[in-house]
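Student: Starting from the structure of chain A, add chain B where the hints point.
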Amino acid sequence: MSFRAVCKADVVKSVIDSLSTLVDEAKFQVAPEGLEVLAVDAAHVAMIDLSLSKAAFKNFEADEMELGIDIDKLSDAVRLAGADDEVEIVLEDEGLLRLEIGNLTRRMSLVDTSGMTDPKIPDLELPAMIKMPGAELDRGIKAAEGISDHVALHATAGGFELSAEGDMDSVNLNLEKDTLLEHRASEEVRSLFSLDYFSNMVKVAKDAGTVQLRLGNDYPVRLGFEFADGEGEVTYLLAPRIESA
Amino acid sequence: MAEADVIAGPDPEDACCFVREHAGNRLLQLVGGCTIDYQGRAKSQLASGERLILLKPDGTLLVHSDEGVKPVNWQPPGTTTTADVRELDGDTRLIVTVERSSPDEIVTMAFDRVTMACAFDIEDWEDLELLGTEEDIQQLLRLHPDLVEEGFEPYDMELDRRRGPMDLYGHDVHGTRTVVEVKRRTAGIEEATQLARYVERERDKHEEVRGLLAAPDVSETAHKYLRDKDLEFCELDLDRLMPKVPQLHATQETLGDFG
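Chains as they are written, first to last, in my numbering: chain A, 1 to 245; chain B, 1001 to 1259.
Possibly wrong hints are sitting among the right ones.
Computed Cβ-Cβ distance ranges for the label pairs, DEER-style [said to hold, decoys possible]:
| id | chain 1 | residue 1 | chain 2 | residue 2 | range |
| --- | --- | --- | --- | --- | --- |
| 1 | B | E1050 | A | E243 | 45 to 53 Å |
| 2 | B | E1150 | A | N103 | 44 to 52 Å |
| 3 | A | A135 | B | T1221 | 53 to 61 Å |
| 4 | B | R1201 | A | L80 | 52 to 60 Å |
| 5 | A | R139 | B | F1258 | 26 to 34 Å |
Keep in mind the hints are simulated off the structure, nothing from the lab.
Just so you know, even glycine gets a beta-carbon here, dropped at the ideal spot from N, CA and C.
With the rest of the complex left out, here is chain B:
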């Protein structure tokens, strides 16, 4: 199952945030006009052209033009990606750098235009089995709300269909309305802003509303954003949760299944 986040025609700053958010986490695709500068065992430069850039979570880089089978540039797994915004030739540009050591190589992509940026979760089947899906975690947390927070009580979601992506909605030990956004991988700015939007909506209607982002980890930027918005991060211990997931999938057989 793949989930995708797509931004079309982002300005350099948004594209920069997007890359910082997803690089190393998800499969990242960038389509845009860029120059490619390679320095390492050799040096090369590619003039500006429309390219498809694939950046895998393990650091593999593939740069494709619109022709031929082979990538015009590539890097093996183990690289580090950085994204910046810089003034070049009077324009603000997104600069994505992919580098590695032994041998020392650095690929610099300077975009004059980002047509599209896309981030995927492409899960290995094995991965799914080991880690469980987001729905599994949500269901688990609904059954064992203490894993979110001591005393958290989720509301019956049947009554609140309009919740949208808000994963869990309930009240804490003090009776304060609490919104919980669940993520099974590192939570980023995307989830943090989503949570903020929902809490904002709830704060229009209710005095006190708490927002919790529940995930195994949270990015620096997202964490700072949460603090700024008076929201909280709640760490999920997936190692402890995941062994419980098979039992969620324990389907009740009928006697007819046995002849």
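In isolation and in its complexed conformation, chain A is listed as follows:
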């Protein structure tokens, strides 16, 4: 069983940033074509589906396998690398991963994956679809912080709205249909989310040129974006908060 990958440090950092919002360790499904990570947070409120094609790597040679990786350790290992520095990751014997960044070598033990479940991605009908620049969504989130613990995402035929209501203040980011990169909302939908969870996801997506949101009524939201020059893809799924009154 062999695995050897060489890529720019910023690709590894993107993977780490995307995963660390939800989990401390994850099961990487590795195959000759690339890798995929499917993980759910401990509260089972949010999920990530991350895929990275071999094309994102300078070199990628892999047999089909599962690698349990401690995300914190991985983060620590690439902490000192500059975005453009080359990182080489090699599987040494069973259970040990070697990372080489310039003259720095770090070995870390793999995590036992036998205890890790394979999360099931719920099959959801999310009728509304919005595409906007990551920076715009980030703007809305930044405005909502400090106003409330919740953020409402609302899609109508006219556009998309992100709002947060506090005791005294409220904030509203309104994006008309023609200002959006893409918009599809045959019916009006609205769902409420924990700002904590949602803002962590948006922070990771904010540098993406395009972020796609799929929305339903009191349904989870799907937030998707690309990285590594389009060779990597992240899809987050976040369960809503439902108002009982």
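Tutor: Chain B in isolation, oriented as in the chain A frame:
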């Protein structure tokens, strides 16, 4: 959910305060020996007997004896209740009067003895949804303490379990220890005295302690009592607060809930 305040065997003055406090606000039950005098379209008098009197917040009066289905006397919604203490036949008695106009009717109940007085909050389900429970308001105020007062900072209640009915405990903008009692309906003498007791206890241990009674409204007697005891009333704008309540009940779902 019903909360009840009960006093057993009160003397006429206490019973009088109790009725004044709760009539028009809560469901009031009085059990005692009384005479009933009715004047209006007719006149009638009932000799002293043990009766159960029900007075609803909307003014409906029902007087029941210990027999039969029908009340021995009743009044529809829209009445006004007054309570007084008067000397009658050498005894101090509680006099409760329930009256209305068009037609002009007045029912006077003179108690020689009050066995029990009880006041309930019986909330309509709809009522609850519209107004929120006391816990909701408390939680809201804990999340947005500026609604109590600018600069109020509640302490972490986990650390202060012994607080009892003190709803919020913290310090004000000047760092002075502040105790807040929260009520979602008009606050009365009951809450004011409760607050006074807790502030008293705190004043034994700390130099300066402020007591705040936070409610949408406060009764005259309670307000006067607060001023006398160097305590304060803080008006809660429920119309502004209540729209926030649904979001407190916004439960976080899990992805598993969606298949």
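Student: Does each hint hold? Answer for all of them.
Tutor: Verification of the supplied hints:
For E1050(B) and E243(A), the hinted distance range of 45 to 53 Å is satisfied, since their beta carbons lie about 49 Å from each other. Taken as a hint, the range 44 to 52 Å is violated for the pair E1150(B) and N103(A), whose Cβ atoms sit roughly 58 Å apart. Remark: the range hint 53 to 61 Å for A135(A) to T1221(B) is upheld by a beta-carbon distance near 60 Å. Separated by about 58 Å at the C-beta atoms, R1201(B) and L80(A) satisfy the suggested range of 52 to 60 Å.
Between R139(A) and F1258(B) the CB atoms are about 29 Å apart, so this pair conforms to the stated range of 26 to 34 Å.
In this structure, only the earlier hint numbered 2 is contradicted, and the remaining ones agree with it.
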